[in-house]
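Below are the chains, spelled out letter by letter.
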Amino acid sequence: MSEVSGTYTIKGRTGDWELVMGLEIHAQVASKSKLFSGAAVGFGAGPNEQVSLVDAAMPGMLPVLNRFCVEQAIRTGLGLQAQINLKSRFDRKNYFYPDLPQGYQISQFEFPIVGEGEVLVERDDGSSFIVRIERLHLEQDAGKSIHDLDPNATYVDLNRSGTALMEIVSRPDIRAPEEAAAYVKKIRAILVTLGTCDGDMEKGNLRADVNVSVCRPGAYEKFRATGDFGHLGNRCEIKNVNSYRYIQQAIEYEARRQIEILEDGGSIFQETRLFDPTKGETRSMRSKEDAMDYRYFPDPDLLPLVIDPAWVEAIKATLPELPDAKKARLQSQYGLSAYDAGVLTGDGDLAAFFEAAAAGRDAKLVANWTINDLSGSLARDGLTIASSPIPPSDIADLVKLIETDVISSKIARVVFEHMWAGEGAPAAIVEKRGLVQVTDTGAIEAVVDRLIAANPGQAEAVKAKPQALGWFVGQVMKEMAGKANPAAVNAILKARLGV
Amino acid sequence: MSELTSLTLKSALEGLKSRAFSSVELTAAHVATVEAARPLNAFVLETPDKALEMAAASDARIAAGEAGALEGAPLGIKDLFCTRDVRATACSRILGNFIPQYESTVTANLFGDGAVMLGKLNMDEFAMGSSNETSAFGPVINPWKIEGGNQSLTPGGSSGGSAAAVAADLCLGATATDTGGSIRQPAAFTGTVGIKPTYGRCSRWGVVAFASSLDQAGPIAKTVEDAAILLTSMAGHDAKDSTSLDVETPDFASFVGRSVKGLRIGVPKEYRVDGMPAEIESLWEQGIAWLREAGCEIVEVSLPHTKYALPAYYIVAPAEASSNLARYDGMRYGLRAEGGNLTEIYENTRAQGFGAEVQRRILIGTYVLSAGYYDAYYLKALKVRRRIAEDFDRAWETCDALLTPTAPSAAFALGERTADPIAMYLNDVFTVTTNLAGLPSISVPAGVDAQGLPLGLQLIGRALDEATVFSVAGALEKAAAFRSKPAKWW
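Same order as they appear, the protein sequences are chains A and B.
Just add 499 to wherever you are in the first sequence, counting from 1, and you've got my numbering.
Just add 1090 to wherever you are in the second sequence, counting from 1, and you've got my numbering.
If you're looking for bench data, these hints aren't it; they were derived computationally from the structure.
A quick note: this is a predicted structure, and the numbers were derived from the prediction, not measured.
Treat the hints loosely; a few may be bogus.
Claimed, not checked - With a Cα cut of at most 25 Å, we get these calculated PhoX-like pairs of lysine-lysine:
1) K586(A) with K1330(B)
2) K531(A) with K1578(B)
3) K586(A) with K1473(B)
4) K1100(B) with K592(A)
5) K899(A) with K909(A)
6) K1578(B) with K586(A)
7) K1470(B) with K1100(B)
8) K592(A) with K1473(B)
9) K586(A) with K643(A)
10) K592(A) with K1330(B)
11) K778(A) with K510(A)
12) K643(A) with K592(A)
13) K863(A) with K684(A)
Stated by the list, open to error - Not close to chain A: a few residues of chain B, all C-beta gaps over 12 Å, as computed:
14) L1135
15) D1139
16) L1472
17) R1552
Every residue gets a Cβ at the ideal spot worked out from N, C-alpha and C, and that includes glycine.
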């Protein structure tokens, strides 16, 4: 595996291969009720406790479209810089399964609510690429089949049945496993910022189907020039991958699997595959031959969805600052690096926390404390920035103590630990624990003089080899319980030892 | 007691209001008549206790001066309507002993106006049929017989139970549904009045679905005025049905008896079909003459795409049905057959639960929606549907209502057409057009044929113009003066 001029390639026995990916992201719409029924949506309810007559497909029940879910889809479309289709339609996708009570899923097949758009995605190295969005449509989620409660029975929980999903379909513009993960991260950041999906991948509220194919170098460029999929390899679709790591693993495995088959003279047949995270493999779910005929047709229980352009404008007017704009602003307004600004905007709450703490302070320092110490502690204890026990004002106060030389960065770490332990505001901790930095040169000079007198051999060594000064610095700090201003200690030592 | 059951809804409501009799007396008389009429097989579930309980409550409301528009009037309810705590089967084995925990909007409207429920009425399974012979409970027997004959005749379908029950005075009126003629053809076969209102007038919520874009509820009644009174109660906007029209419901009865002078009545030439009995042809002519005498202007109109209506209907309706009936899978309610795996459970449940005609339509519907056939069948049928609606739009430029026969024949013998589904489908040739176009249409009894069987004429109106339909139907009813009743043989 190597990076050649920015293109991710896999070296095979017969030469280089490139990857082409397109993703279908399923994002649960953040909404208190389902797409076509008044039933509540929520995590943690008992089995089948959030099921209306409509969700259970009782005879004579009819769907009524949830206006708020439509608003969320429009908001998302606007966030993806996509075209909002003022007229769209709901279709039925027919198939039988016990967790699909109606015997069909209401979806948007021919006329989706959102058309083409595009998303700028940042790679880890700070470079970026564009992924074109083909469409976004609204559809119902199915219930859950539970196969492992009883060896001879399957249980069905319909709580999820009828919940609104947005399916966001990308063009095949993703060329590396890391790019796929970065794309999902970016979509997630946009949705979370917009408030249209909570982005909780662990709960499956955001999951991706990954289409993977491989081709020889040059083929993809021909595809882009002509639009002819014939230049690309046959693709396999890996269903329902719900973490960044799994997305990368699944793609890496799947690409190697396809390359091996091709290099052995075989062919790739279009099929649907499942990723098994414990084995790190994909395995076949169903091939194109036994793919179901879903018999899509317009749902006769629903009228075409016609959207007033004034409504779209009203929603547009309430859009929050999106990650791209926010990142640019954080860089220009606070002088942050692209990396720091990117991390902060990856999570809307993190950026808000930063901005609340950064006012009037050294923004770079605030960013470091927010991204490193605070985020690290939150992650360690399984908390989110929104539930942070330390408020932004305390981070601001902590940074202020550093800026004004009351404490050193090193002592600040100690103060932070006490803050995290719930001991209160940083100034109070410093006071209570006596952590105020000693900048009084007289006090430092006294300690320095005593140490030089007590360690003549070490003093000689420093004169011969100035790097050995560190030993004295350590001793002074130790003597002064770490509270001495490091710059002052260095300066005094150097003066006294003449180095 | 027979005096009470022979009343029209209108006169019964007057009697109740003037305290000439109580709802309990009126209901008890009907309960007894229903019991005595079991040979007709019109009811699949009698609910006499519920009926008398509702009647007593009605009497209390009448006494308290809180009577609703239908207070105390006993009605029959087609088994396609879900009524709370009362078994609903759609006359299919697949629903088993399904007892809904909800009330359809239409029956809720009726009961909210004080109507009393006598029980659930027989029908073709899932409303698929034109003779009531596809019912899992066996066919309804038409109360009418050929003069001097004893052969059992069909009451028509799918609302055969509703039509037979009204014709035999088992109830003052009945709910029915019409997807391709299921209200109007049985009304014509039984000498009763049946109206399918404009699509969207009556909520479909709580009515077991057959073909969503065509299904519409309406009443079958003894007179045009009774039908108008019932429809006024049944109709109204319902936010639970996305296709329900948000329009005011006029007092339809106020239009019955109005002058029709100056109205232009269109006679579509395409409705003269080959093989139509001469009696129907002449009854049609008679109907034209009656309306002319009443002051209408008669105009010939053309509905050129009429001949494509039946094939288009038998694509659209089964397509929607094949999807609507997918929910009957044995997983949550109703019949569940055993099987070695999931697919077998589905197959066995649906093979045992659905009758032959329902299975046929599911197969047709599945076929026309399948990849590779969708464009040629389903999409084409939708285009035809559009053309048919345009035919009507053009007709309304020169006329205010259309007059046609309701069905191409009188009631036929049970068993006569069961072997030939196409012959059976041809019953709907004059009625499916208005389902495809969503227009209101009514069947009014206008005479009897040579064998003494009732025949109906159909009036079709503009969308939401039930007012004109009721006015012309009233005039037609008055002129026809149809008073015949079936001789009681049960």
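Hint check: K899(A) vs K909(A), CA-CA at most 25 Å. Holds or violated?
14 Å, holds
Does K1578(B) pair with K586(A) here, judged by a C-alpha cut-off of 25 Å?
58 Å, violated
Within 25 Å, alpha carbon to alpha carbon, are K586(A) and K1330(B)?
22 Å, holds
K586(A) and K643(A) were given as a pair; does the straight-line alpha-carbon distance stay at or below 25 Å?
32 Å, violated
Given as non-interface: R1552(B), partner chain A, CB spacing beyond 12 Å
20 Å, holds
Does K592(A) pair with K1473(B) here, judged by a C-alpha cut-off of 25 Å?
22 Å, holds
Outside-interface status for D1139(B) - nearest CB in chain A farther than 12 Å:
Check passes; 24 Å lies beyond 12 Å.
When you check the alpha-carbon spacing of K778(A) and K510(A), does it fall within 25 Å?
Status holds; Cα separation ~23 Å.
Mind checking the alpha carbons of K592(A) and K1330(B) for me, to see if they're no more than 25 Å apart?
Holds, at about 22 Å.
Test the statement that L1472(B) is away from the interface with chain A: the closest C-beta pair must be farther apart than 12 Å.
Incorrect as stated: the minimum Cβ-Cβ distance to chain A is 9 Å, not above 12 Å.
Given as non-interface: L1135(B), which should sit over 12 Å from chain A by C-beta:
At about 15 Å from chain A, L1135(B) clears the 12 Å cut-off, so the statement holds.
Is K586(A) within 25 Å of K1473(B), Cα to Cα?
20 Å, holds
Comparing the model with each numbered hint stated earlier shows that hints 2, 4, 6, 7, 9 and 16 do not hold.
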